[in-house]
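Novice: Spelled out, the chains give:
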Amino acid sequence: MKLLFPVIAIAIVSGVVQNFAPWWSIAIVAFILSYLLRLKPGLAFLAAFLGVFILWAGVAARLDFGNDHILSARIATLFPLKGNYWLLLLLTGVIGGLVSGLAGLSGALLRKQ
Amino acid sequence: MRFIAFLVSLGATIGLIYVLNHPLGPAPALGRFFDPYGGFWQNAENTSHYHDIDMQMNGLHDKVEVYYDDRLVPHIFAQNDEDLFFMQGYITAKNRLWQMEVQTHSAAGRVAEIAGEKALAKDRLSRRIGLGYGAENSKAFIEKDAQSNDLVRAYCAGVNAYIKSLSPKDYPLEYKLLGYAPEEWTPLKVALLLKNMANMLSVYEFDIENTNFVSKFGADQFHYIYPERDSFTDYIIPRGTPWAFAGDSAPAVPEALPAGQKVANVDRDLYESYDRAIEKPQELNGSNNWAVSGSKTKSGKPLLCNDPHLQLNLPSIWYEMHLSSPTMNAYGATLPGAPCVISGWNDSIAWGVTNGGRDVRDWFTVQFKDDTHDEYLLDSQWVKTEKRIEHYKVKGGKDFVDTVLYTRFGPVVFDQSYGDVRSKKYLSLKWTAHTGSNEFKTFYLLNKGHNYDHYIAALNNYSCPTQNFVFASRSGDIAIKEQGTHPVTHEFVADGSTSASDWHRVIPNEHNPTVKNPERGFVSSANQFPVDETYPYPVSHVGIYENPRAMRINHLLSDSTQKMDVAYMQRMQRDNYNTIASLTLPTLLRVIDRSKLTADEAEAITALDKWDYYDNADSKATVYYETWTDVLYPLLWDEMGDPSLPMRKPNTYRTAYFLRDDSTSVFYDNLQTGERETREMLVLMSFDKAMKKLKDTYGSLDKVKDWGTYKATMVHHLSPQLDAFSRMDVYCGGNRGIINATSHEHGPSWRMIVDFGEMKGYCLYPGGESGNPGSKFYDNMIDSWAKGDNYTAKFEPKAQLDRDKLYKITFNK
Numbered sequence: 000m001k002l003l004f005p006v007i008a009i010a011i012v013s014g015v016v017q018n019f020a021p022w023w024s025i026a027i028v029a030f031i032l033s034y035l036l037r038l039k040p041g042l043a044f045l046a047a048f049l050g051v052f053i054l055w056a057g058v059a060a061r062l063d064f065g066n067d068h069i070l071s072a073r074i075a076t077l078f079p080l081k082g083n084y085w086l087l088l089l090l091t092g093v094i095g096g097l098v099s100g101l102a103g104l105s106g107a108l109l110r111k112q
Numbered sequence: 000m001r002f003i004a005f006l007v008s009l010g011a012t013i014g015l016i017y018v019l020n021h022p023l024g025p026a027p028a029l030g031r032f033f034d035p036y037g038g039f040w041q042n043a044e045n046t047s048h049y050h051d052i053d054m055q056m057n058g059l060h061d062k063v064e065v066y067y068d069d070r071l072v073p074h075i076f077a078q079n080d081e082d083l084f085f086m087q088g089y090i091t092a093k094n095r096l097w098q099m100e101v102q103t104h105s106a107a108g109r110v111a112e113i114a115g116e117k118a119l120a121k122d123r124l125s126r127r128i129g130l131g132y133g134a135e136n137s138k139a140f141i142e143k144d145a146q147s148n149d150l151v152r153a154y155c156a157g158v159n160a161y162i163k164s165l166s167p168k169d170y171p172l173e174y175k176l177l178g179y180a181p182e183e184w185t186p187l188k189v190a191l192l193l194k195n196m197a198n199m200l201s202v203y204e205f206d207i208e209n210t211n212f213v214s215k216f217g218a219d220q221f222h223y224i225y226p227e228r229d230s231f232t233d234y235i236i237p238r239g240t241p242w243a244f245a246g247d248s249a250p251a252v253p254e255a256l257p258a259g260q261k262v263a264n265v266d267r268d269l270y271e272s273y274d275r276a277i278e279k280p281q282e283l284n285g286s287n288n289w290a291v292s293g294s295k296t297k298s299g300k301p302l303l304c305n306d307p308h309l310q311l312n313l314p315s316i317w318y319e320m321h322l323s324s325p326t327m328n329a330y331g332a333t334l335p336g337a338p339c340v341i342s343g344w345n346d347s348i349a350w351g352v353t354n355g356g357r358d359v360r361d362w363f364t365v366q367f368k369d370d371t372h373d374e375y376l377l378d379s380q381w382v383k384t385e386k387r388i389e390h391y392k393v394k395g396g397k398d399f400v401d402t403v404l405y406t407r408f409g410p411v412v413f414d415q416s417y418g419d420v421r422s423k424k425y426l427s428l429k430w431t432a433h434t435g436s437n438e439f440k441t442f443y444l445l446n447k448g449h450n451y452d453h454y455i456a457a458l459n460n461y462s463c464p465t466q467n468f469v470f471a472s473r474s475g476d477i478a479i480k481e482q483g484t485h486p487v488t489h490e491f492v493a494d495g496s497t498s499a500s501d502w503h504r505v506i507p508n509e510h511n512p513t514v515k516n517p518e519r520g521f522v523s524s525a526n527q528f529p530v531d532e533t534y535p536y537p538v539s540h541v542g543i544y545e546n547p548r549a550m551r552i553n554h555l556l557s558d559s560t561q562k563m564d565v566a567y568m569q570r571m572q573r574d575n576y577n578t579i580a581s582l583t584l585p586t587l588l589r590v591i592d593r594s595k596l597t598a599d600e601a602e603a604i605t606a607l608d609k610w611d612y613y614d615n616a617d618s619k620a621t622v623y624y625e626t627w628t629d630v631l632y633p634l635l636w637d638e639m640g641d642p643s644l645p646m647r648k649p650n651t652y653r654t655a656y657f658l659r660d661d662s663t664s665v666f667y668d669n670l671q672t673g674e675r676e677t678r679e680m681l682v683l684m685s686f687d688k689a690m691k692k693l694k695d696t697y698g699s700l701d702k703v704k705d706w707g708t709y710k711a712t713m714v715h716h717l718s719p720q721l722d723a724f725s726r727m728d729v730y731c732g733g734n735r736g737i738i739n740a741t742s743h744e745h746g747p748s749w750r751m752i753v754d755f756g757e758m759k760g761y762c763l764y765p766g767g768e769s770g771n772p773g774s775k776f777y778d779n780m781i782d783s784w785a786k787g788d789n790y791t792a793k794f795e796p797k798a799q800l801d802r803d804k805l806y807k808i809t810f811n812k
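Residue numbers (numbering that gives the first Met the number 0), protein chains in the order written: chain A, 0 to 112; chain B, 0 to 812.
All clues stand as given, with none of them false.
Quick list of in silico lysine-lysine cross-link-like pairs, BS3-like style, CA-CA up to 27 Å: (1) K704(B) - K81(A); (2) K168(B) - K81(A); (3) K138(B) - K447(B); (4) K619(B) - K595(B); (5) K81(A) - K775(B); (6) K793(B) - K447(B).
With the Cβ distance kept under 8 Å, some of the chain B side facing chain A (calculated, not the full set): (7) R1; (8) A11; (9) T12; (10) L15; (11) I16; (12) R31; (13) N45; (14) A723; (15) K775.
Everything labelled a hint here was simulated from the structure, so no lab data went into it.
Heads up, the beta-carbon is just placed ideally off N, CA and C, and yes, glycines get one too.
The shape of chain B in the complex, shown without the other chains:
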């Protein structure tokens, strides 16, 4: 009897340990996780005890000192470059290891290894669009350049030195929650990070949507609805700037879809799959940068500003750092997992980036000889297909093997093996991101650059994703250049059976749009169209370019009544003026018959009448306006809502002019109703629906919350399962399409002002230096960010940092 009791008790003990030592569904192994000696409690960083550390580090050539300031920004002082980049890797990993790895897993199509079966479709897409293939090409390309190779290897060695120093109790929290361990950091991962950026920022093409639109509405409507240029655009390169080159002799306009061509039903199948799988670029991503020449500033020296707008995430996409060696002294935003400063400054120059939005990829239809897919048709001959076998490990499931077919026109993304394609049709993707390139060399040379010539030489190494690099130097030059590899691409799905469809024209680097020290005393970019009609190459008009932010920025920078300073720049970065609303609302209000309004509707209209078009946090008018247009746009562009025939809806900027200037377009008709709508009917219909929606939500219109509350900006943790680590309901103004482009989940991911008068930088980003949700530096900058209060960067010499430091680590060789 006693023995049985013993056995039962022992069995229960072992059973309990077994259960607590294994993950339960989405929950981690509870015993391991709650164990205060090895589980999550170990990630609870002490918030007040900081002391200097002296330690030995294998792999260093000399002593390196790292000063952490009061925001935990590391200031690395090394005796040589190899040690500097080694420590950049080490120190970055110390704060951001999990994020670095998960981002590269995403680009490499390896998320299923951590998250299981549900991530497999997306993993397959990452590989089928060729991100891993492109990264391998870049890795090989970087290896050919001894200097870059050394720098990337030193960086990786630093990351790995940190990983090797960890025991499981030291792992970042997310590893403990998701139950895996960090793996070795490699040059391939560094290349993957760049391809991840390319995938986020260089997908601005609408070949399939354009093809569908033209086949349905014809070429005339196409050019009307998506105009290439308009008379309002304030180009990046000021109108009338002369070009120092002639271009090539080819016609300036790329071919249109042959007249009368229709999209065959079999292709629809492919296009539907495409539409379901491919995430199209968001109007919400964008960026601002500008530089003001000394002639317009109080100090007589240039000012430079940059704020890239991206999805708001924790840990933040950027990591602020100060990198110093005898040959460089750079400060700014780094990309965790990759060497150098991406947006920043040094003792002589400053630089910043906005996205270029050029069309750098094309879709091609491909014909195969038979079901073996061994050969495909090219110029009336059968040409051998390259097959790339992709192996996937799936957590808690069976491994998966996929064969991707590579043609002259890139990998076949959609076919019967992927994306529910029923017919024997094939769609391949050619993309500049597939080519090997060495973007780090650009940043390395900028980090070390002293003048305009260095800046231009640095940019020549840069390929993808296209960025507008703004520049200013202490000696007084300002410049901007739209840099990337720019083939003349198609605007429609192209024929992959003829080499005539290939990219035969690539714009030389020297001919990319640029301007130095323009007469107006400033340069700027905000994702608008880059050049006027005189540029001697075609720039694909994908209709994604937006102009309102550029109009506002240039308006504010043109102010000649006052000399500009840091405070003026900060006011600009916080500016909430909604140019699109100022263009759209008068058209809408004209339609409203004020005699027919209910009392609370009248109140809403009065608020809109009085609105100054500022999307400040306390604005209620913004809520009325946004709700109204959120209903109006889908009603207006319902013709483009058919999922079996994907088309793109014109952006809000184009819509503003469309509503104002066109009173008779066929697009006003709503296909859901029997009658034929007019512009006025749509405006009224959307107003009624919007007000009803607000009443349903808030009880009555006067109880509507203000914009900051309504918008409820969120900064999400990178893992959707870990929303407990997100910051919700950040109260702030701003909106898409305005300088302070803070919308619900997107916004300025890094704000920087560099003042060459005082040689100071002012920075801010929506997060914190630590990626650890158990650190007080995890999200400590979000509240300042919501207010737009930049921090003064401690771009200081060692002696000063020693006085200002939180603590210091000395690494001895």
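With the rest of the complex left out, here is chain A:
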């Protein structure tokens, strides 16, 4: 429970904010929420990482399965991931997750002052 609530909160708020703000707004969301929810640094990183990992990989997966993996197979060849769309979804989640996780960690560390 300690983890689940912040993960969901960060995912939902990031998802809403991303509809009108640039991609790096996920960092601001994670920073503020980690600060406001008084998360411990380790938990903040994990919750923020997972929140945006799930959001990005999830949104991407919904688009990808609706697309029959036509695009992901090509991008996963360009990048080169041997055309594997699972790896591409994983990479998508990790990129968003890392930015959010680090920002969450920063927010938590600021609270700890």
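Dock chain B against the given chain A, drawing on the hints supplied.
Specialist: For chain B alone, kept in the frame of chain A given last:
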């Protein structure tokens, strides 16, 4: 301590965002690119959910309905022409925006803005040969014609309405990958597209190569190796067709290089630069078209076919469309970025194009008074030079400024400022593509035309690149005309210091070769020589004309044992008979001593003995033959391989007759060896080398793959960096020089059959309607194309389309 940890963490966060928000070398900004809300995932189109859309569109005068059929071909129904062309622009941009822009950037010499420094040399060449200059002239020329001006402006307004509706998340994938944004579409870009076509299709001249050849081997060898006409040629205008005009009084043959003239070493410098920079026309580009009169068809009505062969690319060079308004109802292939249908039909007529291959440009040597280049020598006087300053923006680099010198004989392309020219020598280019012209008027009038007179009137507006326009009408006429602006040009580098070198003779439009309803019941063209000896103007014999496809097409069309139908036309378009091989192989096989062959060599020879000359996908004989001749040709024509003295190698068609009929030519000698080779020695040498090459590749000769696998036809994405979006290894038959001209990277870019009996069209092209690699319509037609299975075009009224549609967009004013 805690504070330091905070700072480190914050710094890492900001640093990571910075890195992910900026491009890394060739890779895009990863954060932006992978963000599923704005990055590439947004280009993953849903493959099953389609629903009708109702939307408001500023700029329309009335309601427009667009029906997409099951191949995503748009059928536009407008209440007036302005709305029709507005929507043509809008709908085309919706599927092909990136391609439209990159093609015009290429013609305008602006690729360095996207790709950086490495594209600058090519950009400079595009401008130095005057593509932008020509496009500006055409833009001004089009503006003078109110009707064309309206149509081009409406088209641009439609494209811009689409661009303005986009936010960055909606940009085509390539913009996201390469990190830039679409810019406004303009009439200049429409003109640039035409100049892009001119640059692809009207560069059939070999002035420098010819000059080099004659200076080295003399005029007699020149006329022998590159004969103007031969007794086998099946001209576009059937032999003996009378001309309705007398021509002019000038001699029929243009001047040859003055006897004994040699190419000076200082000029070699220029010619080398030329050879490195200028891409010469490929034997691989070509096209077929024909029309059969009702007297030869099952339905009693004409049939018309067209398949232009070009480099195979994704997104495809063509975009299939149906354009309908109260004054027109046209269907066919459009050129993304430009209005009208280029190859297609309407309710009354059909038309199609093949390339004319006429020589419409010349190279001139120019002398300047001094290093300021302010004046150049003309008729013993110093004449003022026009200077055009070209500014280049370079991505990730410094801007670049180039001054191009314009003379009476066009822009100076090669000099000390470009192309590693060391000496103070200047080579300028005069080209019909530099002149303002309005080719769209031709297509506009054809789109609306009803009969033969409309067709001829439409063609009179057409200048460059020269095309053979085939024609058929529902009322029963067939015709063909080779149309373009045709000055009588030079065959050698010309002297730019005298106005006598200028183009003083231009063949009037009315005198361009044409024939209507010939006795034989069909008209056709396949890039062969257009006219016989009685044509009263010279046609420069550049040796690029090829005859084998025309011979085969006319042979098949001459069949009087059966009445023709769509199935017959389709068989013809798929025909894999290799006429050149049928002319060449017997000469080669005669030389082989069968008693001296190894077991697997004997097997290869047996396969060749039994070969029916069809380049079908499952043929192994084709692989043996192609490998053999691929080794033989460079050995034979090695005299023309010196990069400091560029010459052109005779085409495979000329080589076939050369090998058959000439047993003693000096060209058989290979300069790399000490001894003097004969034809027989070359044939054997090339056979040994070719078989060794195949053994090295496949282990042994019996393991050689079939032709379809060996040839591995590819359809490349337009950006060389994005090969992941290409289609590789398309298994199919075909070859250069045959009707189904599908080679490794070239082939039929559009196949069309129009049947006036049923009033139906059958189309196909190697790609798909969508330019988006994330769409199922990106390359969905390639497999049918490989098999040659044309789709039936839904050239239907609105009510029928409403039943057949995938979805419909209604645009309200």
